[in-house]
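Undergrad: Next come the chains, spelled out residue by residue.
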Amino acid sequence: MTTTLDPIELPEIDFDHAPSREGNREIQFREALREAMSEEMRRDKRVFLMGEEVAEYNGAYKVSQGMLDEFGAERIIDTPISENGFAGLGAAAAMYGLRPIIEFMSWSFSLVAADQILNNVPKMLYMSGGQWGCPIVFRGNDGAGGQLGSTHSWCVEGLYSNVPGVKIVIPSNPYDAKGLLKTAIRDDDPVFFLESERMLGDKAHVPEEEYYIPFGKARLVREGDACTLVSFGRPVHFCVQAAGRLAEEGIEVDVLDMRTIRPLDIDSVIESVKKTNRIVVVDQCWPFASVASEVITQVIERAFDWLDHQPLRVNTEDVPTPYAKNLEAAYQPNPDRIVAAVKKAVEA
Amino acid sequence: MSQATTSEPAAGKRPSDGLSDETLLKWLYDMQLIREFETRTMQAYQQAKIGGFCHIYSGQEACAVGTIGSVEHDDPVVTAYRDHGHALARGMDPKACMAEMFGKITGCAKGKGGSMHMFDKPNHLYGGHGIVGAQTPLGAGLAFATKYEREVLKTTDKKRVCLCYLGDGALNQGAFHEAQNLAGLFSLPVIYIVENNGYSMGTSIARGTTMPDQLTLKAKGYGIEGLEIDGMSVLDVYDKFKPFADACRDEQRPGFVDLKTYRYQGHSMSDPQKYRTKDEVEEFKNRDSIANLVDHLMNKRECLSEDEWTEMQKEIRERVKEAVKFAEESDAPGVEEELYSDVMVNPSKNMSPIGKYIEGAKNPLL
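Protein chains in written order, with the working numbering: chain A, 1 to 348; chain B, 349 to 714.
Next comes chain A alone, as it looks inside the complex:
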């Protein structure tokens, strides 16, 4: 037990229960997130949501719309613009035994809370010699694409995944978002949950029944034997588009949606590489010391002899995020760049 309050009895999670992704209950990504939080809050009073504009404004991006009405101001809590303050508040509430969900309007703003989320939260268990953990979820928008310029377009997964002690989740679609967020809220370790403002309106079938998605299990979105395309978060969609175009030219690729960065399902990546002998990693972070760098390093460490071409990566360009629409489009990973990379790997 790594909190002050005794743990409470909750029904055990059945990860094997995976309802169909096919169906006609189409809801938005933001609604899937809301369902995940609301279901867990109904079950467990220790869970609360705190952040800027989450309550009376109904969520800056309407993720928490209606939650104030259902759960009241004691559990859906508006904060002033004090990320460092409320991130730390949440950290200690988690040590005590509550289950905070702390919303960052944007992960870009989490940088002012760096001391709490990087120095306190992931290290609490270690530096207390196993006495206190931090079962907390930080969630919010991550990534560029909305012409928000340099300061508001952070992809924090590259930076934050360097720190041991946290789990990092980055869903690409509503179905996964719900199942992964429910797992995050139930997890005893801290979780950084990265959403994308560009995807909050995406619609897909999300089952009404409850389900949880285990961390560290990539999803094979599309199958092929010419190359392994690895991605996570929003760029998964670019990979799927690129794969469609490549298929028209007779090049079939595996597309792996990693879904979580820590843990990283490297086993599925290796399995695919042993089939395709080629890998392209698509990552919306900058290239230097990025998640793509890590995936490629692990592939080289574990499957070097299986590679017929050097691993390639498609990252954002290594410059601050530009504002102009055309510059931002060129800056981000996009289907054109992905197609080019795969062709390079396949045709060389």
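These are calculated hints, taken from the structure and not from any lab test.
Heads up, the beta-carbon is just placed ideally off N, CA and C, and yes, glycines get one too.
Treat the hints with care, since some could be wrong.
[To be verified] If we take Cβ atoms under 8 Å as the criterion, some of the chain B residues that face chain A in the derived model are:
#, residue
1, Cys456
2, Val691
3, Met692
Chain A is already provided as a structure; the job is to place chain B on it using the hints.
TA: Just chain B now, with coordinates in the frame of chain A:
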């Protein structure tokens, strides 16, 4: 542990008049224990048995003992990096505290935290935090959690109050201002206790913060009631702090205390102390909190004799010596068992490319 046992004080008397002799003698014991412990800590540091940064509490004993003695044992306490005094006042075994600094498996954090990171769950001490001001949002969070426990979970009727200590240097840290605003806004039962020893490292308070003589005005700016207390007398600390803490608890609201004290040693063990005079140090040593209390107990309460005091000091000396011996003789944490444990509560597959996270051995305090 050193909470007070009291009888009702008669009208017109100070709250501390209602404290039992037994309580005051225990406080004297705790204060002397801290003093002796820190003396041995310095020796061990000079012998390179303790590494890293090490901040000595000597001179400030009345602060931790008097304030912790004014609250319940299960009220949460969180502090900064000058934390040995709080750990001992809270009831941590000196052996676990010393062993932690020696980097041994028997330490309170199995040797993974060190001098600045003293955690003691059974005694409700939530650290020991190394970054200036980083503990102040945590204090707000602990207060929030206790309030949530009572008002939302409804699993307890108990009103609690959290003590969050900081040095005067942390007054100027952004985290503290955010924390105070949140505490004021949400009416959180946390008391920010500024152990104002006049210096943040080598910078005197007048060179670091505005209105250094009216710190409570800063708290007032966040709607938080403030109080100045002379931290060199444990009785004065109790007289003023106890009713203040009771009010914050009853009304479930925050408080701020400018607890004026002095550290006899440098900021850390590597401080040449060129920023202050020997006379200044002597001036405070002449008002020493332990000598003060001994005088009170011998001459006013008449519950302590010279012989008993000598005996108490001897007993403490032996106890601390034993702690040092224990620390010295304890094993270092095993690399295979401890380097990779306590990273995750549930170490799962593929969390790290090193693939070695494991469950930790049970903490010696649990």
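Undergrad: Give a verdict on every hint.
TA: How the hints compare with the structure:
1. Here the hint on B/Cys456 is kept, as its CB sits about 7 Å from the closest CB of chain A, short of 8 Å.
2. Below 8 Å, beta-carbon pairs count as interface contacts, and B/Val691 has one with chain A at about 6 Å; its hint therefore holds.
3. Satisfaction of the interface hint for B/Met692 is found here, the shortest Cβ-Cβ separation to chain A being roughly 5 Å, below the 8 Å cut-off.
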